[in-house]
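For the record, the sequence lines run as chains A and B.
Numbering-wise, my numbering comes out as the position in the first sequence, counting from 1, plus 324.
Numbering-wise, my numbering comes out as the position in the second sequence, counting from 1, plus 14.
No lab work stands behind these hints, which were simulated from the structure alone.
Please note that a few of the clues may not be correct.
FRET-style restraints, in silico, Cβ to Cβ [to be verified]: (1) A:A371 - B:E215: 50 to 60 Å; (2) A:L435 - B:R300: 19 to 29 Å; (3) A:G388 - B:R300: 24 to 34 Å; (4) B:D97 - A:L328: 38 to 48 Å; (5) A:I376 - B:V253: 45 to 55 Å; (6) B:T175 - A:G427: 48 to 58 Å; (7) B:D97 - A:P369: 46 to 56 Å.
Cβ atoms here follow ideal geometry from the backbone N, Cα and C, with glycine treated the same way.
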Amino acid sequence: MRYLTVMRDSRPATPPPPELMAEIMKLGEDAAKAGVLLDQGGLAPSALGARIDVADGSLSVTDGPFAESKEMISYAVYEVRSKEEAVEWCTRFMRLHQELWPGWAGECEVLQIFGPEDFQ
Amino acid sequence: MAATDSTDSPGSRGSVHPSVEAVWRIESPRIIATLTRMVGDVGLAEELAQDAFVIALEQWPDKGVPPNPGGWLMSTAKHRAIDLVRRRATYERKLQELGHRLPAPHEPDLDEALDDPIGDDLLQLIFMACHPVLGREARVALTLRLLCGLTTDEIARAFLTSEPTVGQRVLRAKRTLAAKGVRFEMPAPADLPARLGSVLEVVYLVFNEGYAATAGADWARPALCDEALRLGRVLAGLVPAEPEVHGLVALMELQASRLPARTSPSGEPVLLLDQDRARWDHLLIRRGLEALERAEALPGRIGSYTVQAAIAACHARARTPEATDWTAIAAYYEILGRAAPSPVVELNRAIAVGMAYGPERGLEILDGLALDGYAQLPAARGDLLAKLGRTAEARAEFERAAAMTRNDRERAIFQRRAGELRPAPRPSAERP
Numbered sequence: 325m326r327y328l329t330v331m332r333d334s335r336p337a338t339p340p341p342p343e344l345m346a347e348i349m350k351l352g353e354d355a356a357k358a359g360v361l362l363d364q365g366g367l368a369p370s371a372l373g374a375r376i377d378v379a380d381g382s383l384s385v386t387d388g389p390f391a392e393s394k395e396m397i398s399y400a401v402y403e404v405r406s407k408e409e410a411v412e413w414c415t416r417f418m419r420l421h422q423e424l425w426p427g428w429a430g431e432c433e434v435l436q437i438f439g440p441e442d443f444q
Numbered sequence: 015m016a017a018t019d020s021t022d023s024p025g026s027r028g029s030v031h032p033s034v035e036a037v038w039r040i041e042s043p044r045i046i047a048t049l050t051r052m053v054g055d056v057g058l059a060e061e062l063a064q065d066a067f068v069i070a071l072e073q074w075p076d077k078g079v080p081p082n083p084g085g086w087l088m089s090t091a092k093h094r095a096i097d098l099v100r101r102r103a104t105y106e107r108k109l110q111e112l113g114h115r116l117p118a119p120h121e122p123d124l125d126e127a128l129d130d131p132i133g134d135d136l137l138q139l140i141f142m143a144c145h146p147v148l149g150r151e152a153r154v155a156l157t158l159r160l161l162c163g164l165t166t167d168e169i170a171r172a173f174l175t176s177e178p179t180v181g182q183r184v185l186r187a188k189r190t191l192a193a194k195g196v197r198f199e200m201p202a203p204a205d206l207p208a209r210l211g212s213v214l215e216v217v218y219l220v221f222n223e224g225y226a227a228t229a230g231a232d233w234a235r236p237a238l239c240d241e242a243l244r245l246g247r248v249l250a251g252l253v254p255a256e257p258e259v260h261g262l263v264a265l266m267e268l269q270a271s272r273l274p275a276r277t278s279p280s281g282e283p284v285l286l287l288d289q290d291r292a293r294w295d296h297l298l299i300r301r302g303l304e305a306l307e308r309a310e311a312l313p314g315r316i317g318s319y320t321v322q323a324a325i326a327a328c329h330a331r332a333r334t335p336e337a338t339d340w341t342a343i344a345a346y347y348e349i350l351g352r353a354a355p356s357p358v359v360e361l362n363r364a365i366a367v368g369m370a371y372g373p374e375r376g377l378e379i380l381d382g383l384a385l386d387g388y389a390q391l392p393a394a395r396g397d398l399l400a401k402l403g404r405t406a407e408a409r410a411e412f413e414r415a416a417a418m419t420r421n422d423r424e425r426a427i428f429q430r431r432a433g434e435l436r437p438a439p440r441p442s443a444e445r446p
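Build the full structure now, drawing on both the sequences and the hints.
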């Protein structure tokens, strides 16, 4: 089962502590070496992006930044055997933030990507 | 020990917390590996690891999941192992005091049991589970059990056999390892290529078992592809300097990338050149090509997995079937055939040569081939003859192939090809 995980945070004023970055690297390496992390990446601020909306029958393209309280900042793709396994890897990722970046607040969503087995 | 050996991992027992099971799946190989180093016996190590899980299942629902569940499990399991080793030592000392002499048991290494930052434990467990003293089926079952955390029931379903059969197979494998005195250690450098070959063989067997079964109703079988891929990636992390490990990973990633496209909605197999390439898994293709690059960049002889991956890569890189680099594929099959001559490789080379240099050249190679009862041979000949417009001969070959195969779906394809070649308004049935 493949999962997309996306993390959002409220773009804190301070940069992430170097210790956190080191631990994130290590966790990513662990997950890759466990054979479950297929892909990951960081996302630039939405100020550099755009959004295409369709509403009330009309389509509009708007440049960022988007007026959300939290911005999407990274994603990962896991290949695991259960939702709980994806949740466990993500929990480890979030716990690092909790422990090493005081005051930080954010969220991570774990979403299943449909595979061929879902269309049997 | 027999009773516990045939039971499933704690995670599979009905009413368990699924997140405990998830932690088991993630952590159990490493925990079992570390405990095997401590107690010397892989069956005992597995039992001790399961004990730790039972404790987790009892405690976590009440006390909550600890902040570091993996670390908690590892230290709980280690404590149980240390207790056991101490009890044994006390027992042996008392026996000696009474004047008995026992054969020296495995000396556990308690001081070193603390940490394993480079993953040697896990690698040694892989080498142990894939040890050549074990038969192929035993190696596969033990590997799935210890390294992938599959239950005996899951293994039985995947291999279309019964749970007691798999339980017995695992149990006998553990006993064989103990009886033959297989030690938990890295193979000697001189033995390494053969021992690694045995590991790669097991991984690819598991992969193919899943790959061959994608049309089946039970997804326990195709899930074997995922298990093999994961295991291959783990291995690549543990022995990154071995080109063939990356070659095998590349081969599996590239083959798995076609899984979504290789069966039609009605379950019929779709041949490679007829597949909808938009349905190929491009994330796996990217990973496969990267792994192939790593394999080719490393010093050492190019092995057969790497060459097969290079062939798969030729297909993966081609955006359309017409863009396939058949010249390169034909050359790779020649390399493969030289390293390990086989009629099946020759057959594939003939097909590639036919595509690269024309059907006559392909037929020349096929004419020298003898492959009794192998339906792909007349089918390949039929395909080349059809391209040359030798319709009647082509039809006869497809009819022969249809009579030969034992696979119903394959037979239907051959019969359809033969039917398309009936004397009709247009004699040529060109296919891409």
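Each hint tested on the structure:
1. A:A371 - B:E215: 50 to 60 Å: 53 Å, holds
2. A:L435 - B:R300: 19 to 29 Å: Hint holds: Cβ distance 21 Å, inside 19 to 29 Å.
3. A:G388 - B:R300: 24 to 34 Å: Between G388 of chain A and R300 of chain B, where Cβ atoms are some 27 Å apart, the hint holds.
4. B:D97 - A:L328: 38 to 48 Å: Cβ of D97 of chain B to Cβ of L328 of chain A: about 43 Å, so the range 38 to 48 Å holds.
5. A:I376 - B:V253: 45 to 55 Å: This hint holds: roughly 47 Å between Cβ atoms.
6. B:T175 - A:G427: 48 to 58 Å: Roughly 56 Å apart at Cβ, these two residues keep to the hinted range, so it holds.
7. B:D97 - A:P369: 46 to 56 Å: 54 Å, holds
The structure shown violates none of the earlier numbered hints.
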